[in-house]
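Student: Sequence:
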Amino acid sequence: MAKPVTTSTGLQRDAVGFLSTLFQGTAAAAPAAGIASGLVVATVYAGGSTPLAILLAVVACLLLAVSIGQVAKHLPSAGSLYTYNARALGGHVGFLVAWAYTFAFVIAIPLLALVFGYIAAANLSGHFGWPFWLWAPIAAISVAAAWFLSYRGIRLSTRTSVVLGVLQMGVFLALSLTLVVAAWGNNTMAVFLPSTGNTHGLGSVIAASIFTLLALIGFESGTALGEEARLPRKTIPLAVMVTILFVGFVYLFSYYAATVYFGPGKMADPQREFATLGGGDPWSALAAMVWGPAALLVTLMVLESSLASENAAATAAGGFIFGMGRTHVIPRLLGTIHPEYRTPGWALHLMAVVGLVIAIGLGFGLGSPQAAFALIGAVLTILVVAAYVTTSMSCIVYYLRERRSEFNVMLHLLVPALSALAFLAVLVASFGIDFAGLGIQPLTYPASLAPWICVAWLLLGLLRLVQLRRTAPGSLSEMGSIFEEGETHDESVVSSTSDQ
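If you're matching positions, the sequence shown starts at 8 in the numbering used here and goes up one per residue.
There are no misleading hints in this set.
Label pairs and their in silico Cβ distance ranges:
#, residue 1, residue 2, range
1, Ala443, Gln474, 39 to 45 Å
2, Glu347, Ser132, 40 to 46 Å
3, Leu467, Trp191, 50 to 56 Å
4, Leu420, Trp459, 32 to 38 Å
Derived by calculation from the structure, the hints in this document are not laboratory data. In this text, all values refer to a predicted model and were calculated from it rather than measured experimentally. No residue lacks a Cβ here, since even glycine has one placed at the ideal position from N, Cα and C.
Please model the entire structure based on the sequences and the hints provided.
Tutor: Below you can see the structure in the form of structure tokens.
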């Protein structure tokens, strides 16, 4: 056996504290961009019950946050969710989770670039008559900016997330409070009933959950800082929990305010639905109604949120790809870091190129950035929800196998089981499968292509898994490892053919 070598190419230790870790997840969830994009799509399905759809998604994510926190306090790693799955369920499951989850975060970059490009171009076109095709170069600029911030170092990246996160949420909370006051006598708790302003009741709400979860995805991305955070075993679990509570409150209050102001019965009305208000930019339109010229702040915050989330997604995905490259389940070049900035340079380069190709290619190929957003968003949600299901189960298995003396029926069985069931229901609904007589609404084109794109991607993952089992079986077992400062890992368990 070859002599173990010290992993001197570790990420920058103790680079971030609790606040930066908190806003890594907050920025990845992109509150302002989520409010103005994914949640707008949710209103088409849930109508006046959109706040209920958000509440159910928040509860599911809160259950998941508890499960993640329970495992993260023992397994702080840049690999995040796939490390948890590999350690508890085995390297094969860990690899497939990594394959799905990492790709989801990579495509989050073009998804948010499309939001940035669309909102900017729509405003430039509407106010100054500039051509709408400018969304493409504007989107490209945002990808370049996210790459630069993440490439130059985690300290710069997370500090930027903190500043931008505070600004965007402050503006939307202020706008929401204004809408609630303006609605006054129209305030109602009926928005938390399943059949308010939609055609299928709970079936519509569950269908809408695909897009309410899209807005929440990323809240757990602070787990990717497990090797950069100070006191990660305490910082990571607390940051994940606070993130979902904070972001969930912002989403819930914002859409309660918008629904009671606009009218619950009109939210999904094809003739005057919320999603078409203001030419497809309903939040700017609402702001103009109650704030006048100050509505420009909302547009600026959506742009800022998109960029902040791109930055956070690049940082998180860079950590995931770095972790896979380090264990050699993908080319080991992607598991190296920049000697000066201590960031996963090649992983970030790859993400920037892939992000540009997907954003521009689908934006023009599907006829509009909005159509491309719907497709990418649905693909991202399905992949991540699948990872959430297995991550919930990994909490149960991990404590039964490795922490039996600490096993708690509530924290390590009931909570993760409920989390897995909640996300499994959304996963089934995304394929348009009706269950329990709920009348689940199927996704419409082009989002209807998403389930089959996910199936194709996972099949490719299975092919790579078969190859790894033959050429580098040691790399799969190594995926569950934690690389603390000064720890070693045995290079000899990985075949050189894993670079293929």
